[in-house]
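Just add 501 to wherever you are in the sequence shown, counting from 1, and you've got my numbering.
Worth flagging that the hints you see were computed from the coordinates, not collected in a lab. Note that this is a predicted model, so its numbers are computed, not measured. From the three backbone atoms N, C-alpha and C, an ideal C-beta is built for every residue, glycine too. One or more hints might be untrue.
Label pairs and their in silico Cβ distance ranges [claimed, not checked]:
1) 586 <-> 661: 32 to 42 Å
2) 528 <-> 666: 34 to 44 Å
3) 563 <-> 663: 27 to 37 Å
4) 603 <-> 625: 17 to 27 Å
5) 574 <-> 632: 15 to 25 Å
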Amino acid sequence: MEAGYLEAPEETWQLRNGTPVLLRPLCSGDLSLHWQLFRDCSKRSIHQRFFQIPDCSKVTDQDVERYTSFDRAREFAITAVCHPGGAPELGVVRLVHTGRGMAEFAVLVADPWQQQGLGRKLLEKAITTALHSHMHRLQGYVMGDNRPMLTLCRRLGFDIHYLAGEGLYQVHLSLSSRGQLST
Numbered sequence: 502m503e504a505g506y507l508e509a510p511e512e513t514w515q516l517r518n519g520t521p522v523l524l525r526p527l528c529s530g531d532l533s534l535h536w537q538l539f540r541d542c543s544k545r546s547i548h549q550r551f552f553q554i555p556d557c558s559k560v561t562d563q564d565v566e567r568y569t570s571f572d573r574a575r576e577f578a579i580t581a582v583c584h585p586g587g588a589p590e591l592g593v594v595r596l597v598h599t600g601r602g603m604a605e606f607a608v609l610v611a612d613p614w615q616q617q618g619l620g621r622k623l624l625e626k627a628i629t630t631a632l633h634s635h636m637h638r639l640q641g642y643v644m645g646d647n648r649p650m651l652t653l654c655r656r657l658g659f660d661i662h663y664l665a666g667e668g669l670y671q672v673h674l675s676l677s678s679r680g681q682l683s684t
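With these hints in hand, go ahead and build the complete structure from the sequences.
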């Protein structure tokens, strides 16, 4: 099957604390929201997502724009924003088609919104989007000290493999025979 993602429908949902959230595709007009998402993340959260701690003073609009303007035939992102109102951006999950029916995912949730079920919801949306886009495998990389993400991946049925010498885990989920999400 050719690369490409189906559009994920918008969905309203609630965090554990009752905050209403709108889950929708990320678009190029979300540049300022995405800037704020990065500002709402600690260095630790940024490090766990990007595997490095960037010097935020050197991040440019073009750097952030890369995450909102992308090749929609190969990449897809779902953002979570407060609803109604559409701001701030609470988190995002990104899928990148890497070929042969495989997609790589990455999740980022702003620090004030962590431990509210949003990471799980975003990852479930990524799994559903990958399934509907005829992907066969979803994979990602998780820092060794990111226990909440490793626990989440385990609960959702991902296989987890330690990459010796890198301090990373590779997580992957076979989508070929996947029906319901495990809990």
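Inset, instruction - Evaluate the given range 32 to 42 Å for the C-beta pair formed by residue 586 and residue 661. - result: holds (37 Å)
Legend entry - Distance restraint hint 34 to 44 Å, applied to the beta-carbon atoms of residue 528 and residue 666: The hinted range 34 to 44 Å holds for residue 528 and residue 666, with Cβ atoms some 39 Å apart.
Legend entry - residue 574 versus residue 632 beta-carbon gap, inside 15 to 25 Å or not: For residue 574 and residue 632 the Cβ distance comes to about 18 Å; the hint holds.
Inset, instruction - Note whether the CB distance of residue 563 and residue 663 lies within 27 to 37 Å or breaks it. - result: holds (35 Å)
Legend entry - Supplied distance hint 17 to 27 Å, evaluated on CB atoms of residue 603 and residue 625: About 19 Å separates the Cβ atoms of residue 603 and residue 625, which means 17 to 27 Å holds.
Every hint, counting from the list given before, is met by this structure.
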